[in-house]
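There are 2 protein chains.
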Amino acid sequence: MQIQQTLRGHTIFFKKQPKIISSGTIAGPKESAGIVGNYVDKALSDDMFGENTFEKAECKMLSYAIDQAISNAGLNREQIDVLFSGDLLNQIISASFAARDFAIPFLGVYSACSTMSESIMLASAMVDAGYVNTAVAATGSHFASAERQYRYPLEQGTTRPPQSQWTVTGAGACVISGKGEGVKIINATMGKVVDYGVTDVNNMGAAMAPACAHTLIQHFRDTDTQPEDYDLILSGDLGALGSRILKDLCWEKGFDISNNHVDCGEIVYKVIEDEFQGGSGAGCSAVVFNSYVLSKLKGKLFKRVLFAATGALLSTVSSGQGESIPCISHAVQLEV
Amino acid sequence: MQIQQTLRGHTIFFKKQPKIISSGTIAGPKESAGIVGNYVDKALSDDMFGENTFEKAECKMLSYAIDQAISNAGLNREQIDVLFSGDLLNQIISASFAARDFAIPFLGVYSACSTMSESIMLASAMVDAGYVNTAVAATGSHFASAERQYRYPLEQGTTRPPQSQWTVTGAGACVISGKGEGVKIINATMGKVVDYGVTDVNNMGAAMAPACAHTLIQHFRDTDTQPEDYDLILSGDLGALGSRILKDLCWEKGFDISNNHVDCGEIVYKVIEDEFQGGSGAGCSAVVFNSYVLSKLKGKLFKRVLFAATGALLSTVSSGQGESIPCISHAVQLEV
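The listed protein sequences derive, respectively, from chains A and B.
Quick note on my numbering: the first sequence kicks off at 1 and runs consecutively.
Quick note on my numbering: the second sequence kicks off at 1 and runs consecutively.
Just chain A, with the same shape it has in the complex (with noise of 0.2 Å):
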């Protein structure tokens, strides 16, 4: 496991091993019921968090999850050097209005729901470079907010297909330096751009699991492990259907991750029933990640976890136009 080189295949090995030395996150009231309820810091009780429009509130909670991941570490808003984000909404607003409230350096990212993974991934890739000290990855998502902008006004009470997946409403972020205690960051497989030629926007899980399979593939031969190496091997927004699929893509290669893998779609919420394959957006993973499996890493009941947001970079005009979903799927490993 030991491995010299920076770059093997799409895998960028960290040379210092930068730290994810504390995290933020919120989550809405049905999320908040769920399993990561115990370990956010602060559930809602109204989706509307105080403000008058979704997207609005949808913005508050990033900048909630950031301004408590920064307090969790016990610094200052200027001691953080730049701060990676970007969310689902057009122009990513939620995290170009988050940054106005911080007067740090941002660099905007669009990832789709694999937003958390990327911000990771370039966040650590800075600090162990050295170019900064200390970083900010952060992304969220509003079920209401997705819903009018991807779907259809909810006033209109349009029924859900059984394929489909609920939008999350929550935020995560993390603050990675090179400093500190904290979950390592090992390396990072770059994803690349995987189209099985779904063109179905209610069944992201199916379509995003071959950009999952490809990326998990790609890590375990670049890094050379197999999948019982790691303890978790998290998923971001598959769903239950789209969780079933990636490991039979995975199985068909060889690579047999039924024993370890959990989909954070999947877990997210208490009981899927309304939410059908469970749960997506950017907020999913970030949310998951940051709270509950951050969590059991610190408290060493997981000592290496490979997590793999997915996206599916669709947008309505795409689809409208009849193009299938081009997907994307990021990967970060994580030890203590």
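These aren't lab readings, by the way, just hints derived from the structure by calculation.
Treat the hints loosely; a few may be bogus.
Estimated spans, in silico, between C-beta atoms of each pair [claimed, not checked]: (1) B:D248 to A:K298: 45 to 55 Å; (2) B:D248 to A:T199: 43 to 53 Å; (3) B:G50 to A:E228: 45 to 55 Å; (4) B:Q156 to A:T316: 12 to 22 Å; (5) B:R8 to A:G180: 17 to 27 Å; (6) A:G180 to B:E51: 43 to 53 Å.
If you want a taste of the chain A side facing chain B, the calculated C-beta under 8 Å gives, among others [to be verified]: (7) L7; (8) H10; (9) I12; (10) D81; (11) V82; (12) G86; (13) R100; (14) P105; (15) G130; (16) D195; (17) S315; (18) Q321.
Ideal Cβ positions, reconstructed from N, Cα and C, are used throughout, including at glycine.
Based on these hints, arrange chain B on the given structure of chain A.
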């Protein structure tokens, strides 16, 4: 000027000074009639580029620019380790669908019209740190796809106000590498979000000028340089009015940039008439920088250039909800 620190203020100093070893550019008919016409790899006679929608034409232009940059470097796609790209369309579909054409790792960024300098900054950092050997930074825009997304349907024939700008149809890409001959990337100043409360979505120049002024002044202070140390200070797409505001704001802080400042938006069109304040869009600085300016750098007519692309981080939703326009500008310093 020889500073050994890797971070000073908001400016990252590259240790090995990665180089832009090639570029690829394409421009629409209106743009090709101007200064960039003699420098782009392809001057389109039809802004549909053989496609049946504006969005597909935009994506095809971006793919063309990336492909051309790679072949101009004498490389093939497999030799590119990562692509940094983003664009103005919702969910950066041009970049995501272009990335689908290339089977290489893709890291999506969003910084509106400052995407070119953010992409160059991140690509340079990854190359300089040795995480990747060769990276591509790319962006573009299309007048018609931007108009119908951000403003009105073209068929409506809405009158444009005098403070407005014209989104450039074009794309630009460059290959950044640790090896080979080219234009050296010395350092990069990360921008922060600046918002002076402008709410007029037709007056992007006025909204973005304060962010650009902030980044330029931060850069001068971090690098101990003065405006006269640069042969060219190139802002992204402030247009005529925004450029006047920029000069005033810098002058107020003791930095007189009036002798060597040029704005890509101000020079991109032959005659600023229908376009009022000039060009805008992510493609504006992408095309001007990667064609005309890089050519003059290679020819040593410019020896030191400060390139600060500028972005307005609004969306139709944020404006519709009464928000002002948060803006950002990232700068990179180049030398031959």
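Results for each hint:
no., hint, in the structure
1, B:D248 to A:K298: 45 to 55 Å, "holds (51 Å)"
2, B:D248 to A:T199: 43 to 53 Å, "holds (51 Å)"
3, B:G50 to A:E228: 45 to 55 Å, "holds (51 Å)"
4, B:Q156 to A:T316: 12 to 22 Å, "holds (20 Å)"
5, B:R8 to A:G180: 17 to 27 Å, "holds (22 Å)"
6, A:G180 to B:E51: 43 to 53 Å, "holds (51 Å)"
7, L7, "holds (6 Å)"
8, H10, "holds (5 Å)"
9, I12, "holds (5 Å)"
10, D81, "holds (7 Å)"
11, V82, "holds (6 Å)"
12, G86, "holds (6 Å)"
13, R100, "holds (4 Å)"
14, P105, "holds (3 Å)"
15, G130, "holds (5 Å)"
16, D195, "holds (6 Å)"
17, S315, "holds (4 Å)"
18, Q321, "holds (6 Å)"
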